[in-house]
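**Student:** Under the UniProt record's numbering, residue 146 is the last one in the sequence shown; the count climbs by one each step, no gaps.
Worth double-checking, as some hints may not be accurate.
What follows is a list of derived Cβ distance ranges for each label pair [unchecked claim]:
1. D26 <-> E114: 18 to 26 Å
2. A51 <-> N28: 39 to 47 Å
3. A126 <-> K50: 16 to 24 Å
Since the hints were made in silico from the structure, they are not lab data.
We treat Cβ as the ideally placed atom computed from N, Cα and C, and that holds for glycine.
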Amino acid sequence: MRVILTLVRHGESTDNLKSLWAGWRDANLSNHGMNQAQRLAKSLESYPIKAIIASDLTRARWTAEQIRDHNKTIPAASFTTSDLLREQNFGKGEGQPWQQAQWQRKSGRDFKFEDGESLHDVAARAENVIVSYPKLNFEEYQLTQG
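Please model the complete structure; the sequences and the hints are all you need to start from.
**Tutor:** Structural data, given as structure tokens:
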């Protein structure tokens with residue numbers, strides 16, 4: 001059986017507008033972000049969806065709820081939230097302006113902000129979602145970040 005995994009990013013958040021690092025901060029969607037989420041949901045209304053798993057943070061959950069509410073798949077997709085799908089935790093960089101925290105940013109998947117997590121940590125969390133949700137029924141998968 002072939003499984004298609006579709007990854008969706010939430011719409012623009014209020015922290016995006018303010019140019020703030022907001023990995024685990026529960027920033028709401030901006031008005032523009034809500035419109036983006038609704039347009040995305042409309043574009044996916046006929047897309048066959050069996051399961052929706054979203055981050056538990058408001059911006060991602062609201063975006064996923066729009067997709068669920070507009071989708072016409074029968075039966076309706078199951079809907080779950082998980083903190084394992086949160087964005088990268090920027091630790092002490094959370095809520096800081098991109099320019100002020102940018103000096104700390106180094107290239108490499110092992111780099112962490114103080115009290116934060118690396119891209120490798122994020123990948124491990126995402127992989128846990130794939131293996132923890134039997135409804136996804138993945139026989140084979142490859143997880144990449146870029």
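**Student:** Now tell me if each hint is right for this structure.
**Tutor:** Now the hints, each set against the structure:
| no. | hint | in the structure |
| --- | --- | --- |
| 1 | D26 <-> E114: 18 to 26 Å | holds (21 Å) |
| 2 | A51 <-> N28: 39 to 47 Å | violated (25 Å) |
| 3 | A126 <-> K50: 16 to 24 Å | holds (19 Å) |
Comparing the model with each numbered hint stated earlier shows that hint 2 is the single one that does not hold.
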